[in-house]
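Participant: For reference, the chains in residue letters:
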Amino acid sequence: MKGHQRLRWERALDSEAIWPLMAGFGALYLAFFVGYPVIYNLIMSVQQVTLGNISTVFRPFVGLDNYRKLVDDPLFATVFQNTLIFVTGNVALQFLGGLALALFFQAAFPGAAFFRGMILAGWILPPLVIGAVWKWLLASDNGVINYALRGLGIVSGPIYWLSDPATSLIGVTFANVWFGVPFNMILLAAGLAGLPQDMYEAAALDGAGPVRRFFALTLPMLQPTIYALLALTTIYTMRAFDLIWTMTHGGPVDSSNIFPVWSYHLSFELFDFGGGAAVSTMMLVVVFIVALIYVRSVRTERVS
Amino acid sequence: MRRWLLTAIGAVIAGFYLFPVYWMYASALKVSDELNANPPTLIPHAPTLAAFRWIFERENIAQFMANSLVLSGSVTILTLVLATGAAYSLARKKSVWMDVVLIGVMLSQVLPPPLLVTPMFVIFRQLGLINTQLAVILATTTKTLPFAIVMLRTTFAQVPVDLEDAARVDGSSRTMAFLRITLPLARIGYIVIGALVFLLAYGEFVYPVSLLSKKALQPATVGLYGFVGADYSDWGNAMAFASVFVTPVIIVFMLLQRRIVSGLTAGALK
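Residue numbers (this note's numbering), protein chains in the order written: chain A, 4 to 307; chain B, 7 to 276.
It cannot be assumed that every hint is accurate.
Listed next, the stretches of chain A that the computed footprint assigns to chain B, with coverage defined by at least 3 CB atoms under 8 angstroms from CB atoms of chain B [as the list claims (entries may be wrong)]:
1) 74 to 82
2) 139 to 152
Sample of chain B residues with no beta-carbon within 10 angstroms of chain A, all distances over it, derived [unchecked claim]:
3) Thr13
4) Gly16
5) Pro53
6) Phe58
7) Ser80
8) Thr90
9) Gly91
10) Ser95
11) Asp168
12) Asp171
13) Ile256
Just so you know, these hints were derived from the structure itself, not from any lab.
Ideal Cβ placement from N, Cα and C applies to all residues, glycine included.
Using the sequences and the hints given, assemble the complete structure.
Facilitator: As structure tokens, then:
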């Protein structure tokens, strides 16, 4: 009897049923703590949610009122424009900076890998620390950046980087580009290292110069990496909330307010959870579309 | 000669890039007169630990740091336990369902916490978990788990199936072969991924700041925010706080730098 039971136990450990079981725990966790909030968010976005009825699920249904209110809000145009500028600026500058660094450190010189690795330190730092340090660097009176700009004769008076509505978005973009460049650099460096060298030798023999080789060979062959990277950077830029919240709080007068900041402000400072959920849902749709592009480009890259 | 010129340029680029980190430490060591000096001094003339003493005595940074360690330690353990099974089956079993799970994992990897925090807050409030560290641990794990699954899957895929098959021929069950052969071979991967998960959780801000209003439970990210979120900031003390908070991150990074670089590229592109 005992032997029979042992056999069954061992057969269970050996069975094919182990696969769905093993995948199950992680998948269920994500379904409950990610899938459910996403759906719950969608539901809240068509309800009137206040601090008073927050504990119940059955709240007044208001249809698309939350969305209508947001779009009618004059702030919507401002936030939309800020988000567009912030995301495009970040994606473009991080990509170009990352590409320049990746190409430079691709050259074989002593210490290349070491210095490239050092630069990655910027990406590993918590956004809160980056926000704090950059706020100090950009401080108008004693900030070292203003001092350097004045010393070089570029400006005559101090720039009120984060307290002037004209420059606050530029200030937070600087900090976020600094944060994101290493990630772009590392992924592009990996992409460059994977390119077949013999084609470059052949092209060089045919008389193609470095610039020509870059545009005719490197860029086309890097394309899958570039698509995946641009998609990832777009998505990661949505996470800049921490940084903006630390540096400017979205201000002054909403000049650095982007959608994630607006959503948080609505939910946690005005306690308009329905409005916050509606902003989140709109952004989640955008993120999902970009994420699908990312997943597709990564998967086709793996197949090819 | 040209190669050493490139080395020099590389050093200048890295130095220029890392200047903000240096400036954080340098500012933390300055007395307040020197902090506001014009022109600013590149190297502190009279380095002092006064700011560090202040944040330990007045700002209770030790409590914040202890909370950070508890939160990120728990997140790391929960994440690795949950990720192991999912990553292993995703690496070994090919089927339509596994593809569905994988795409779901990759999609949840990209959802930004600031967009999930509103429903999280309401859900945890209904569960009565607001102002508990459990809520922050559960919420933060949604950010680290997809990342860990994707990375561990790559690690397991590198362990040859033949080794497991050999063990099974010798009479081991599938589960035993995994525990005895595959898991030990993946230990380096576990160290690197565990370290990265820990760092991600250590730097998390949105969930703790929204789910914990009791100061005694808050991690150091929220403590640092209390310093620099205001319009006026005491920069010497703020930089000292940031230095104490971030130094463990920098140490872990230096120790594992090479492996982090290769792990990151594999995780994001495969």
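Participant: Evaluate the condition: distance from the CB of Asp168 (chain B) to the nearest CB of chain A exceeds 10 angstroms.
Facilitator: Label holds. Min Cβ-Cβ 18 angstroms, cutoff 10 angstroms.
Participant: For Ser95 (chain B), is the shortest beta carbon distance to chain A beyond 10 angstroms?
Facilitator: violated (4 angstroms)
Participant: Compute the least Cβ-Cβ separation between Ile256 (chain B) and chain A, then decide whether it is above 10 angstroms.
Facilitator: violated (7 angstroms)
Participant: Looking at Asp171 (chain B) again, its CB stays over 10 angstroms from all of chain A?
Facilitator: holds (13 angstroms)
Participant: Beyond 10 angstroms on every Cβ pair: is that true for Gly91 (chain B) relative to chain A?
Facilitator: At about 3 angstroms from chain A, Gly91 (chain B) fails to clear the 10 angstroms cut-off, so the statement is violated.
Participant: Beyond 10 angstroms on every Cβ pair: is that true for Thr90 (chain B) relative to chain A?
Facilitator: For Thr90 (chain B), whose nearest Cβ neighbour in chain A is about 8 angstroms away, the distance does not exceed 10 angstroms, so it is violated.
Participant: Taking the shortest Cβ-to-Cβ distance between Thr13 (chain B) and chain A, state whether it exceeds 10 angstroms.
Facilitator: violated (5 angstroms)
Participant: Within the assertion that chain B covers the stretch 139 to 152 of chain A, do at least three residues meet a Cβ-to-Cβ distance smaller than 8 angstroms?
Facilitator: Holds, because 7 residues of the stretch 139 to 152 of chain A bring their Cβ atoms closer than 8 angstroms to Cβ atoms of chain B.
Participant: The output says Gly16 (chain B) does not contact chain A. Does that hold with a beta carbon cutoff of 10 angstroms?
Facilitator: Check fails; 4 angstroms does not lie beyond 10 angstroms.
Participant: When you look at the beta carbon of Phe58 (chain B), is every beta carbon of chain A farther off than 10 angstroms?
Facilitator: holds (16 angstroms)
Participant: So Pro53 (chain B) supposedly isn't at the interface. Is its beta-carbon more than 10 angstroms from every beta-carbon in chain A?
Facilitator: Pro53 (chain B) clear of chain A: closest Cβ-Cβ about 18 angstroms, beyond 10 angstroms.
Participant: With a cut-off of 8 angstroms between beta carbons, are at least three residues of the stretch 74 to 82 of chain A near chain B?
Facilitator: violated (count 0)
Violated hints, listed in ascending order, are 1, 3, 4, 8, 9, 10, 13; each of the other numbered hints is respected by the structure.
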